[in-house]
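J.: Single-letter residue listing:
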Amino acid sequence: MSTTRPPFPFSAIVGQQDVCRALLATAVDPLIGGILIFGDRGTGKSTAVRALARLLPPMKAVEGCVYNCDPDSERMCDACRSRDKRKTVTISVPVVDLPLGATEDRVVGALDLESALTRGEKVLEPGLLARANRGFLYIDEVNLLEDHIVDLLLDVAASGENVIEREGLSVRHPARFVLIGSGNPEEGELRPQLLDRFGLSVDVSTPRDLKQRVEIVRRREAYERDPGGFSTQWHGKDVALRRKVVRARGLVREVDLSDEVLELASRLCMELGTDGLRGELTLTRTARAFAALDGARVVTAKHVRAAAVPALRHRLRRDPLDDTGSDVRIERVLADVFEG
Amino acid sequence: MIAPDMAEDMRWADACLAAALIAIAPGLCGGAVVSAQAGPVRDNWLAGLQALYGEARPVRRLPVNAAPQRILGGLDLAATLKAGHPVMQRGLLSEADGGVLVAAMAERMPVSLAAQIGGVLDTHQLIAERDGLQIRSGTRFDLVALDESLEDEPGVPGALAERLCFKVSLDGVSLADSRDWPVTPDDVAAARKRLAQVRLSDEVCEALCSAGLALGVHSARAAVMAGRVARLHAALCGNTVTDKDDAEAALRLVLLPRATQVPEIEVDADDQPPEAEEPPPPEQDQSRADGAGDNEDQQQPDLSQLADILVEAAKALLPADLMAKAAAAKAARQRAGEAGRAGAMQKASTRGRPTGTRKGELQPGVRLNVVETLRAAAPWQPLRRRQREQAGGEAAANRIEVRKQDIRINRFQQHGETTAIFVVDASGSSALNRLAEAKGAVELLLADCYVRRDQVALIAFRGQGAELVLPPTRSLVRAKRCLTGLSGGGGTPLANALEAAALLADGERRRGRTPVLVVLTDGQANVTRDGGHGRAQARADAQEAARRIRMAGLTGLLLDISPRPSAAAAELAKAMGALHVPLPRADAAKVSDLVRTVTGAPAPARAG
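These protein sequence lines map, in sequence, to chains A and B. Every letter in the first sequence is one number past the one before it in this note's numbering, and letter 305, counting from 1, is 305. Every letter in the second sequence is one number past the one before it in this note's numbering, and letter 259, counting from 1, is 259.
Excised from the complex, chain B in its bound form (with noise of 0.2 angstroms):
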């Protein structure tokens, strides 16, 4: 039987057997996201899950900081000098062929290296054009991505998250119970020579489909790899064919991590599981969480009722998991700015997307362009070697004469690229219609932004608190998917809503973007900080949060959407240090003018 509390159980033996799974057919499932704070519980699945590998097969760590030539493969510097022709060096990514390759702190590795492994893993081949090199090199490997992102932050980017099979969570597991190891390599071994003879039976494959669509798991790749895990738990349970139970481990570990909807439950269907006020106890038969090879004694159910099962069972164990998360979440966002996040701040001079290189002199700061020096340099040798010949020194016909002229330093593109933190006031009577601007704006904002790729986030306070609506996005589709089903009414928690808004800024300024608060309201608070009521105490706490935005230094906008200029919101808007602007009617077109102004971006000709 599953107590309420189950997915905190089994966590480590789901953990342990997605390893298990992951090292019987090494390269196949892609490899797990590991999301744990870093400690002795994660060390010690690593060095099991390396365990389980073996010990012949390479471990490679992808630092956070590792320079796109480590990553890739480029051009080896000294050995090119030393014989007179490119010498090829190979990459972390080559050098992880056959074995494991570690991600510290993916959730901060920028999309497009994650684009780039993620096409690694698909094809199985390493395509890389730099240093003057083509690279291709077959490699194949599983990425373990460490993941130490709190719920509310973003976390490993969706190009590889959605080609690692497992999701890992190890948050809640006691270091007691990481000691032990419910899987050998013995166990593995033997599944690893089993694996060729196992089935996917069609009762399982479709009953598997029809769960990942019932879940709205849209990817097909997901189904594929959910047919691919049932496979491997079939083959480290010692079966040719697989059946029920390795249904159920392949929905727990692939398709539920990955699940965006509660399947429709008949009678009095929750559209909103977050909100549940508690779990439904799930009443359902436990499968064999340690993935060991003794089968119990289980009555096989009719394996063409699996699909209900499946189903049946995703319901049991999903809100639980719904709630979780969004308990955590919260948390997380009442959790004032703790800093310290490593590798979050970084020298400016050398951030930023690389646009090219440019002539320039060598400096503290920047980063020389080795290749293109050489490039430059390369047509004057002969010429240079004369001059010197003819000046009396000695000229070696294998050094490089490289001058001041032929330097080439790479250049970053790093023209402030703001984000646009829309805090919207959805409460009270007139919150639609405001919302409804605050969306347009949005869109227009978005719409006009892309091609200076900056970004737009929205944060919504009403009743008890503030959502982070839109998390920060240059995506318009992404946008509008977030927006439609923004609702509105209830109490006013303006400083919940700046806590939060800070918050967002804070982090977007140490990914290097320029923050930008555009708050929508009338300024009048009657929800005080903790979610208590008492105008006097709730208008104390705004003004609080709003000097603390001041004091943070950041730029802001507060648009006074009540139907006369207020003087609550004139008071707010000098105490945040922001521009106060009456605007009773805001309609979306001018709203967006406005921010323009303020991030000083050039207002685009509207075309009619």
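One chain only, chain A, in its complex shape (with noise of 0.2 angstroms):
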């Protein structure tokens, strides 16, 4: 009765910029971290996470290896390092669900049961965590996930690593990946843990602009329809976008950051007092995806400003008695710096 309908084309989104922006900025380079969508029900965070899948550029692997290890780096796992001779092949970037309720040995791994049963051979089923290796990690509904599970996952995301003790198992594989958090802030805050281990934060509403809202409609209706022809209609400029990404990527580690613009995130970051380093380096490395997306060879003021609300929205001291919301902060500061 169900059949898998293609989703909803990438560049068919309507009016979701921020959280395009954010996602094609990752996808340039991974290491900006992971990016946490916060914002009401039906504005399109899932639609959006969900499009990304298709539009990224396939990536080279070991052939049968379970973490999709890269053949061309020095990060692998303990039996592809072991092998011989590596086989390589093309496979689609994994973008793995993480579903609620989960249980932890489907995250982290864990004795798989049948040769355990039958053969008596002690084998390593393995978890999400090795599946979402160099690609990306989608968590619905991420302020409802359990809290074991997310202890799990922040260790995991800050040492690029599972270690996995179980069972008489132990085992260890790398587990690189972008985490993808999407939530409605009325179900609950996040952990502020939780909150630092993500690059970017956007806030996503939906379009009050009636024009835009006829169009999310539409497009809507002719996508459920037709999906297959839908998706056909829009691959044109999903390639377009896939391209642009494509060129970003060789473009973004060739791209120049001057002292000044340094000295710019630098000053941002003190003025707006964000704890610790982490802060400005997102700030800088989204700054330099912005630009590399662009085809700019040169990061200036204006991709800062751009990266700065997504890179430090959520890293501001909170103080609740305050009723500035944090991009009016960051916005205030940010006219200060470049006007003043």
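FYI, nobody ran anything at the bench for these hints, they're computed from the structure. Don't take every hint at face value.
Quick list of in silico lysine-lysine cross-link-like pairs, BS3-like style, CA-CA up to 25 angstroms [stated by the list, open to error]:
#1 A:60 x A:237
#2 A:85 x A:60
#3 B:574 x A:122
#4 A:122 x B:359
#5 A:237 x A:211
#6 B:359 x B:404
#7 B:404 x B:82
#8 B:480 x A:122
#9 A:244 x A:60
If we take Cβ atoms under 8 angstroms as the criterion, some of the chain A residues that face chain B in the derived model are [stated by the list, open to error]:
#10 72
#11 76
#12 102
#13 110
#14 117
Covered by chain B, according to a simulated footprint, are these stretches of chain A (three or more residues, beta-carbon under 8 angstroms) [as the list claims (entries may be wrong)]:
#15 39-52
#16 83-93
#17 137-146
#18 187-200
#19 215-228
Backbone N, C-alpha and C fix where the C-beta goes; we use that ideal spot for every residue, glycine too.
Combine both chains into one complex, guided by the hints.
T.: In structure tokens:
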């Protein structure tokens, strides 16, 4: 009865520039870290994330490796390292869903029951973290995730490595992924430690503009009537966007970051009183990715400005008695730093 | 013409219409929230929906206490042990594919499960990772969320309600009416064939979008749903292009129940419709409510003005609706604690959120985690088999030897979640000041306690009664939204406030949380329980309410905010069994520190 339909095309998403730009930036430079997308219901948060999977350019991996090891990298799992000959295959970038209610054994990996029961062998059955290596790990309603799973994620996201010590197994494997979380702030806040693991934070709201809303309804209707046809119709634009990402990836390491721009970024962080260096690092990385996406070879103040809100808004000290939102505070400082 | 009590009259017709529209395209609408108490009317509606849906389609019931394994699917233990390799068992969500899933008492569904089902409704894909299995199955169903909540209780979780097109209310529908079913399965079958050709006209699309904006329906999903419902309605009416009637049906069924504001009225704008004395008599053309195929001879209005017409229609329908809600909420608040709601109390050792497993012994009341137990036993199997052989026992190859030390039991987290219920005196002259402090304290507490997952609620009382300004929440965002615009002044209905607080505390207890009452008052009650005046009676009423709180065994804290410690407040605190703390100039930080002391929460290192 139910057939899987192609996801809603990325380029057909109306009026969510901030989210789309942030997603593209992390596709260009995964080191930016994850993205937290917070907003009201019905704003198309998960639509954007699911659409991303189709947009990403494919990547090379070692054939038969459960961790999608990169054949050209030093960081490989033990199995790949010990192989004499590694065959390379092209696979699509994994975008792995971490559903609520997932049990610990499925997330980190556990003893494979079948081989243990029938053959008495200790074999690891890799979990979600293994599958997400070199890709994206998506958690919808991230603020409802059970605490013990959050603890696991915090540890792995920080070290880039998953260490499994259970049931007599002792395995470690690379687990580097871009964490994407989405949620509705009305359901509850996020733990500060987890908040910190996200490189960027984007606040989404639905467009209040009539024309945009009409366009949303129209495109959604067209998609629902004929998902396949609609996808084909937008395929060209998706491909163009993918090319842009590929080009930006090549460019991002060469983009020039002048001392003035660096200084600007530091001043911004200082004025805002963000905790730690992570904010500054993310800010410059994101600005670089934005520049690369624009095809620019030099990061300008414009790129820093565009990156400031998503990179810093969740790193401000919160003062519960101050009603001013983070965005407003950042805008204020931005105006000071740039014009003052 | 629509009579003022039109909302009542059309309830059943609209409910049938919603059922018909759901049945036309199974899986397209997501389903409906049906608010009604259990009874024959609701059963009739469900039976009618099923009849329209067709016999061949599955109908599954999702009971409130269903185990995750039954809902999402999981390991079929018997089959797994027999086969020697993991065998999966389908869950209700997969079984309902192509049909209807009826969720009983959906208002009590845990938010995380609601979010998960919501995801399935969005993607038509069930994704779960549990019992050592990866579960991926395409499934598409309509969810009927039965909502039995009373008006002042939280309803169906938002993550779910948002994704269901319709909100059907069957309250007040008579049994006689509910025997009438205006749409036949043949109508539905004909509409099903027609649907592929039905086009959403530009005018209707635009009109629905702008009506949605005017009503404060911000979700883009709601706009998409309205368009969808207009198309379904057109198909049901035998048209291939949507027109005014379809737009009105979509407005009534999808947008109005989601309205958060009354569209702006040019002359004498009324900001608070719930307080309006009487609904303005709506004068407006009745659209066909039965949804059957007969097209009345109606003058087709200029479609370009459709948006305006819709907004007008919304205005006419809305105040009555909001009025009804406000009245019902008030009535429900005054109803004293009716006990006996099903599924209320559960055994403590098996509730709370599961937080993994631990080694343990099998005792009554603990839950065995079979998969983890098997995992623990697995590595030892060859050894144990050999041991058994050596001991002279028969060693069957397919038998699994589980020893006591393998037993793994589920661990549940239930470290006392608390709900701090603030009861704030908003009466009199210094009310504004006090309110500001209480607001500050609530926000401070919330800012600290999201780590501990505690909740905060606020009841303000002034004038004639008490109002639940902030229902229990742990969301700072929501708290801020609710607390802005809280006003003060008027008399002091202390008795009402204490009663409301006790009721709320009772509800929180049933949800497994520990309520703590924090009352900010000077104890000078001057409005009686029934809203009358008279200081002596008011005080006696307050005393009685306070005693009831003590009898219920609620933990309390009374912050005396009069300039000098007052005898009235001390007396009240004694009656309540609460700690009496004179605090003439309560500042937010002090209040939140005190609450933390009472609840036993550690004080945070406040960043300067």
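J.: With reference to the structure, classify each hint as holding or not holding.
T.: A quick look at each hint next to the structure:
1. A:60 x A:237: holds (24 angstroms)
2. A:85 x A:60: Holds: residue 85 of chain A and residue 60 of chain A sit about 15 angstroms apart, inside 25 angstroms.
3. B:574 x A:122: Measuring from Cα to Cα gives roughly 65 angstroms; hence the hint is violated.
4. A:122 x B:359: OK: residue 122 of chain A and residue 359 of chain B at ~20 angstroms, within 25 angstroms.
5. A:237 x A:211: Holds, at roughly 21 angstroms.
6. B:359 x B:404: Between residue 359 of chain B and residue 404 of chain B the Cα gap is close to 10 angstroms, so the pair holds against 25 angstroms.
7. B:404 x B:82: holds (21 angstroms)
8. B:480 x A:122: violated (53 angstroms)
9. A:244 x A:60: At roughly 19 angstroms apart (the allowed maximum being 25 angstroms), residue 60 of chain A and residue 244 of chain A satisfy the hint.
10. 72: Interface hint status for residue 72 of chain A: violated (29 angstroms vs cutoff 8 angstroms).
11. 76: Since the shortest Cβ distance to chain B is 24 angstroms, the answer is violated.
12. 102: Where the cut-off is 8 angstroms and the nearest Cβ of chain B is about 4 angstroms from residue 102 of chain A, the hint holds.
13. 110: holds (6 angstroms)
14. 117: At about 5 angstroms, which falls below the 8 angstroms cut-off, the nearest Cβ of chain B leaves the hint on residue 117 of chain A intact, so it holds.
15. 39-52: holds (count 7)
16. 83-93: Per the Cβ count (0), the hint is violated.
17. 137-146: It holds: at least three residues are needed, and the stretch 137-146 of chain A offers 4 whose Cβ sits within less than 8 angstroms of chain B.
18. 187-200: holds (count 6)
19. 215-228: holds (count 7)
When each numbered hint is compared with the structure, violations occur for hints 3, 8, 10, 11, 16.
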